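Engineer: One-letter residues, chain by chain:
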Amino acid sequence: MRHGKYPFIIGFLVVPLALYLVFVVGAYLQMFQLSLTDWSGFGGFNYVGFDNFVKLWDDPVVWTALRHNLFLLILLPLVTIALALFFAFLLNVGGKSTGGGTRGVWGSKVYRIIFFFPQLLALAIVGVIFGRVFGSDRSGMINGLFPESWTPWLFLADERWALTCILAVLIWQAVGFYVVLFSAGMGSIPEEIYEAAALDGATKITLFFRITLPLLWSTLQVAWVYLGIAAFDAFALVNIMSVNQGGPNNSTQVLSMQIYLNAFKFSQAGYASALGVVLFFLTLTFAALTLRVTRRDAVDA
Amino acid sequence: MTDLKSNPSTAAATSAPAAPKQRKLNPLNGVAHIALFLWALATAGPLIWVLLASFKNNTEIFLGKPFAMPEHFSFKTYADAWNEAHIGQYFLNSVFVVLISTAGTMLLGAMAAYVLARYKFPGNRAIYYLFVSGLAFPTFMALAPLFGIMQSLNLLNTYTGLILVYIAYSLSFTVFFLVAFFKTLPAEIDEAAMVDGAGHLRRFFQIMMPMAKSGLISITIFNIVGQWNQYLLPVVVMQGAGADSKWVLTQGIANISTSAGYHAEWSTLFAALTLSILPMIVVYAIFQRQIQAGLTAGAVK
Chain A
1 MRHGKYPFII
11 GFLVVPLALY
21 LVFVVGAYLQ
31 MFQLSLTDWS
41 GFGGFNYVGF
51 DNFVKLWDDP
61 VVWTALRHNL
71 FLLILLPLVT
81 IALALFFAFL
91 LNVGGKSTGG
101 GTRGVWGSKV
111 YRIIFFFPQL
121 LALAIVGVIF
131 GRVFGSDRSG
141 MINGLFPESW
151 TPWLFLADER
161 WALTCILAVL
171 IWQAVGFYVV
181 LFSAGMGSIP
191 EEIYEAAALD
201 GATKITLFFR
211 ITLPLLWSTL
221 QVAWVYLGIA
231 AFDAFALVNI
241 MSVNQGGPNN
251 STQVLSMQIY
261 LNAFKFSQAG
271 YASALGVVLF
281 FLTLTFAALT
291 LRVTRRDAVD
301 A
Chain B
1 MTDLKSNPST
11 AAATSAPAAP
21 KQRKLNPLNG
31 VAHIALFLWA
41 LATAGPLIWV
51 LLASFKNNTE
61 IFLGKPFAMP
71 EHFSFKTYAD
81 AWNEAHIGQY
91 FLNSVFVVLI
101 STAGTMLLGA
111 MAAYVLARYK
121 FPGNRAIYYL
131 FVSGLAFPTF
141 MALAPLFGIM
151 QSLNLLNTYT
161 GLILVYIAYS
171 LSFTVFFLVA
181 FFKTLPAEID
191 EAAMVDGAGH
201 LRRFFQIMMP
211 MAKSGLISIT
221 IFNIVGQWNQ
231 YLLPVVVMQG
241 AGADSKWVLT
251 QGIANISTSA
261 GYHAEWSTLF
271 AALTLSILPM
281 IVVYAIFQRQ
291 IQAGLTAGAV
301 K
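For the protein sequence lines, the chains are A and B, in the order given.
According to the UniProt record's numbering, the first sequence is numbered sequentially starting from 1.
According to the UniProt record's numbering, the second sequence is numbered sequentially starting from 1.
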């Protein structure tokens with residue numbers, strides 16, 4: 001290679017790498033160290049061994065939060081992907097099959113534009129909007145739709161339904177993005193395949209399950225991982241929408257909220273770090289599992 | 001994203017067998033339209049409601065009938081939101097932070113990605129995987145140690161701190177995406193320039209950057225939207241005495257929502273929401289195609 005290659009390489013890498021090492025890698029490494037301390041968030045700390053992890057194991061709120069994360073982790077990808085696949089299929093292949101070729105329904109461009117828009121909004125802003133949509137009196141959008149004699153639904157103030165409301169908002173925001181993503185995938189499936197199958201008398205439902213779904217498999221995997229990550233987070237929505245940051249009565253408590261509360265409200269930053277460490281291993285497990293479960297021979301389109 | 005277009009020759013060949021099926025498929029088509037229309041309504045409904053409510057006084061809002069027209073249109077609520085609720089200030093703060101941090105992310109990310117994609121040197125793979133591994137873990141995991149790092153560097157409650165953190169946490173995806181993108185670009189032009197005696201820097205700025213334009217645009221849009229919508233990082237970094245004047249838009253809106261119930265008119269909150277949604281609609285209307293491509297770029301790859 002030419003003279004001066006290494007100064008150039010170092011010159012280009014040093015700043016981005018330094019920033020990344022200090023703020024990202026540094027934070028993760030310190031998390032492991034701090035998880036063994038009683039650090040409050042300010043000043044010094046003492047090492048306390050595995051005390052935080054013992055405490056964590058016995059903390060019922062952490063288990064509740066974990067259960068809620070699992071609830072989101074299963075339902076968010078499942079419902080979102082099902083809805084998005086359904087809409088994407090309708091938009092791309094659902095139209096009249098005039099002359100054997102398959103076309104999208106009328107207005108599919110407009111639908112795609114509308115569906116996608118929520119993806120552009122900050123989750124924080126979506127959270128504020130839906131906090132009011134789910135208002136527990138007649139000022140809420142949904143309760144306001146019903147006549148005056150109606151006993152308003154409590155939504156976020158109801159322990160039984162609060163987490164479902166948050167799930168619904170996550171789905172509301174995500175579906176459009178995956179409609180567009182799956183549409184792109186479906187658009188790249190050669191139409192000859194559909195035509196050949198239609199010639200053989202396949203119905204649209206058969207087309208969907210026998211052709212569209214298998215050919216989209218790799219895109220579905222990506223969607224599953226993205227939605228899984230979103231389900232692990234959910235901080236913005238829970239912090240903004242829920243009663244008392246994870247309430248009522250911890251019914252919307254999630255791990256991200258627990259980490260935040262312990263770090264900044266309860267002055268237990270060491271304990272929050274221990275939670276982070278647990279989450280680190282959970283995420284690794286999730287990633288490994290996803291790779292295993294979804295590994296399946298993809299049919300090349 | 002293109003609709004499947006019917007090929008005239010095959011269309012003619014298959015029109016005969018497909019024709020009788022057309023009537024049978026019509027009910028599905030009707031269902032398709034209803035389903036798509038309902039989801040469009042569910043997507044746009046809450047946003048239209050926010051717009052209408054921004055013109056209503058508390059009495060009107062608590063009457064229910066969420067989609068009734070307001071009694072009169074006055075923009076006083078907007079003036080209140082902009083000035084008294086400081087939405088104008090927060091908006092400008094967001095613009096300032098995102099402008100610098102996205103520019104920084106793109107410059108540093110492209111530099112690192114270029115070197116990692118196009119140069120062989122010991123440690124190349126290790127550095128690449130270090131960057132990419134950041135993708136697997138949610139940001140909130142190491143919240144407490146990140147706070148500690150910011151504190152010890154005296155960067156809490158400063159724009160510099162927020163911008164550096166935004167850049168650091170955006171590098172993983174930017175580097176991952178751009179390395180893959182740079183590798184797809186032909187090496188011949190680059191090599192020809194080298195033979196002609198162009199230096200490393202010149203080849204980066206005058207040959208790679210223009211060739212990589214489409215990829216750079218996609219990932220820039222991705223970063224702008226992601227950083228504009230960020231909520232967790234500003235909540236961690238921008239806290240402490242006097243922080244509220246430096247808040248970004250997401251923080252400001254979330255704060256109005258928690259305090260609106262106690263003293264202000266609800267309409268101020270709705271006006272603030274409208275003010276934060278409208279720019280997104282305008283930008284989306286203009287750059288709809290690029291935005292959809294940019295945000296889905298990472299998943300399609």
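Derived by calculation from the structure, the hints in this document are not laboratory data.
Treat the numbers as computed from the prediction; the structure is a model and nothing was measured.
Misleading hints may appear alongside valid ones.
To be verified - Dumping the calculated BS3-like pairs for lysine-lysine here, alpha-carbon to alpha-carbon at most 27 angstroms:
1) B:Lys246 with B:Lys120
2) B:Lys120 with A:Lys5
3) A:Lys5 with B:Lys213
4) B:Lys76 with B:Lys246
5) A:Lys265 with B:Lys183
6) B:Lys183 with B:Lys213
7) A:Lys5 with B:Lys183
8) A:Lys55 with A:Lys265
9) B:Lys76 with B:Lys65
10) B:Lys120 with B:Lys183
As the list claims (entries may be wrong) - Every beta carbon over 12 angstroms from chain B, so not counted as near; a handful from chain A, in silico:
11) Lys5
12) Tyr28
13) Gly49
14) Trp57
15) Val61
16) Arg67
17) Ile74
18) Leu78
19) Asp137
20) Asp158
21) Pro248
To be verified - Derived coverage of chain A by chain B (criterion: at least 3 residues anywhere in the stretch with Cβ under 8 angstroms from a Cβ of chain B; other residues may be distant):
22) 9-22
23) 164-178
24) 274-280
Note that the Cβ used here is the ideal one computed from N, Cα and C, for glycine as well.
Engineer: Hint by hint, say whether it matches the structure.
Structural biologist: Here is what the structure says about each hint:
1. B:Lys246 with B:Lys120: violated (43 angstroms)
2. B:Lys120 with A:Lys5: holds (10 angstroms)
3. A:Lys5 with B:Lys213: Roughly 25 angstroms between the alpha carbons, so the hint for lysine 5 (chain A) and lysine 213 (chain B) holds.
4. B:Lys76 with B:Lys246: Between lysine 76 (chain B) and lysine 246 (chain B) the Cα gap is close to 25 angstroms, so the pair holds against 27 angstroms.
5. A:Lys265 with B:Lys183: violated (46 angstroms)
6. B:Lys183 with B:Lys213: holds (14 angstroms)
7. A:Lys5 with B:Lys183: Judged against 27 angstroms, a Cα distance of about 19 angstroms means the pair holds.
8. A:Lys55 with A:Lys265: holds (18 angstroms)
9. B:Lys76 with B:Lys65: Holds, because 22 angstroms separates the two Cα atoms, which is no more than 27 angstroms.
10. B:Lys120 with B:Lys183: holds (13 angstroms)
11. Lys5: At about 7 angstroms from chain B, lysine 5 (chain A) fails to clear the 12 angstroms cut-off, so the statement is violated.
12. Tyr28: Its Cβ does come within 12 angstroms of chain B, the nearest being 5 angstroms, so this is violated.
13. Gly49: holds (18 angstroms)
14. Trp57: holds (19 angstroms)
15. Val61: With a cut-off of 12 angstroms, valine 61 (chain A) remains clear of chain B, as the shortest Cβ separation is near 17 angstroms.
16. Arg67: Non-interface label stands for arginine 67 (chain A): nearest chain B Cβ at 18 angstroms, farther than 12 angstroms.
17. Ile74: Holds, because the least Cβ-Cβ distance between isoleucine 74 (chain A) and chain B comes to about 17 angstroms, which exceeds 12 angstroms.
18. Leu78: Holds, since 17 angstroms exceeds 12 angstroms.
19. Asp137: violated (7 angstroms)
20. Asp158: Nearest chain B Cβ is 18 angstroms from aspartate 158 (chain A), so the label holds.
21. Pro248: holds (16 angstroms)
22. 9-22: holds (count 9)
23. 164-178: Holds: 4 residues of the segment 164-178 of chain A have a Cβ under 8 angstroms from chain B.
24. 274-280: Holds, because 3 residues of the segment 274-280 of chain A bring their Cβ atoms closer than 8 angstroms to Cβ atoms of chain B.
Hints 1, 5, 11, 12, 19, counting from the list given before, are not met by this structure.
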